[in-house]
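Q: As numbered in my numbering, residues 90 to 397 make up the sequence shown, in order.
If you're looking for bench data, these hints aren't it; they were derived computationally from the structure. Note that CB positions come from ideal geometry on N, CA and C, so glycine has one too. Any given hint could be a false lead.
Claimed, not checked - With a Cα cut of at most 20 angstroms, we get these calculated PhoX-like pairs of lysine-lysine:
1) Lys165 x Lys141
2) Lys262 x Lys141
3) Lys166 x Lys141
4) Lys337 x Lys324
5) Lys192 x Lys165
6) Lys109 x Lys227
7) Lys109 x Lys165
8) Lys109 x Lys141
9) Lys324 x Lys262
Said to hold, decoys possible - Across the chosen pairs, the derived CB separations fall in these ranges:
10) Gly164 x Gly268: 44 to 50 angstroms
11) Lys165 x Tyr261: 37 to 43 angstroms
12) Glu172 x Lys262: 34 to 40 angstroms
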Amino acid sequence: MSKAQTAEWSWLAWARWKVKIPVNWRPLRVENRDSSGHLMLGDSEQATVQFKWWNPPTKGFDISRWLDKRLRSMGKKVRAEEEAPAAFRFDRSLWLPEVRTRKGAVSSVWYGYSARAPLVLEVVINCGAGPEVRDLAKNLLLPSLDVSAADAPTRWSVYDTSFESPPGYTIYKSRLHLGAISLFLENGRRQLMLCQVYPGTAALAKKPLETWLDISSLKGKWHSSAAMQGPAAVKVGAFSGLERAVTKRRPFPLGRLAQRHCVAVVAHDQALDRLLLAEHISPDTTESKFVSNAVRSMNWAHRERNEA
């Protein structure tokens, strides 16, 4: 049995696509744009795989024409395999095992298109990184590629830290630090912050659980009203936590014209020793269940890997 088939793995999930990767591969760079993005993976020595994605128009987009154009741009010697990994999960896919650049570098390139996402995904494997990287990419990474529909929750997973966001929310910023992972998403004028801090016991030694509710993605000069709810003790699945609901307004004379309702929940997952935080900011009142569900769905990747 090959190393790729027995390798320890974790989920990498981002912007409606997910894939299994070796546990020693880490994101080196992540860029998020309005309808596209770029993520570079690598191990301790080199870059291994690059992901690029794009949300094409739902009408008038011809994936066959788009793929033909991409193939022609790579030169006449590039040949596609008849069967592409994970093809059954995508409406169209293309697998190019060997693509040589003008400078002589060799890579393998996979393309996939899903209409239900809608998403075009490009995966470039650095063949110069060695046979083990090619083996892991071909036998572990590519066969596990999958996407989620646009009207379904979006799953996120990086550094063995995972989140789930509701349909309609797109990422505009992320902070991927050792010991603290934060995602910032928006849906029109609504904002959602998802965050995990670890180890939780060390974080609580610095400041109590209630103080962690003060972490907010709402920047600028805002005045908080008296708390509408709490901070109150809440039960989020198996976790005990706190919830705070406040209304924030701009200074006079804009107070009545610019206000936001903010609901934040923090809980301590003692089994994983992590603080789980979520905050929703909206011009309208937010149901506390919406924010609690965001906390409850965190670390789905850890649970699924243990069940595999």
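Q: Next, verify each hint and record whether it holds.
A: Hints, one by one, checked against the model:
Between Lys165 and Lys141 the CA atoms are separated by roughly 23 angstroms; this puts the pair beyond 20 angstroms, and the hint is violated. Between the alpha carbons of Lys262 and Lys141 the distance comes to roughly 17 angstroms, so the proposed pair stays at or under 20 angstroms and holds. The suggested pairing of Lys166 with Lys141 is violated, with an alpha-carbon distance near 23 angstroms, which exceeds 20 angstroms. Only pairs whose Cα atoms come within 20 angstroms are accepted, and Lys337 paired with Lys324 is rejected, the gap being roughly 25 angstroms.
For a cut-off of 20 angstroms, the pair hint linking Lys192 to Lys165 stands: about 16 angstroms separates their Cα positions. Between Lys109 and Lys227 the CA atoms are separated by roughly 11 angstroms; this keeps the pair inside 20 angstroms, and the hint holds. For the proposed pair Lys109 and Lys165, the alpha carbon gap of about 32 angstroms is over 20 angstroms, so the pair is violated. A distance of roughly 16 angstroms separates the Cα atoms of Lys109 and Lys141; the hinted pair therefore holds under the 20 angstroms criterion.
Only pairs whose Cα atoms come within 20 angstroms are accepted, and Lys324 paired with Lys262 is rejected, the gap being roughly 29 angstroms. Checking the proposed 44 to 50 angstroms range against Gly164 and Gly268 shows it holds: the Cβ atoms sit about 46 angstroms from each other. For Lys165 and Tyr261, the Cβ-Cβ distance of about 41 angstroms falls inside the hinted range of 37 to 43 angstroms, so the restraint holds. A hinted range of 34 to 40 angstroms holds for the C-beta pair Glu172 and Lys262, which are about 39 angstroms apart.
In summary, the structure is inconsistent with hints 1, 3, 4, 7 and 9 from the numbered list given earlier, while agreeing with the others.
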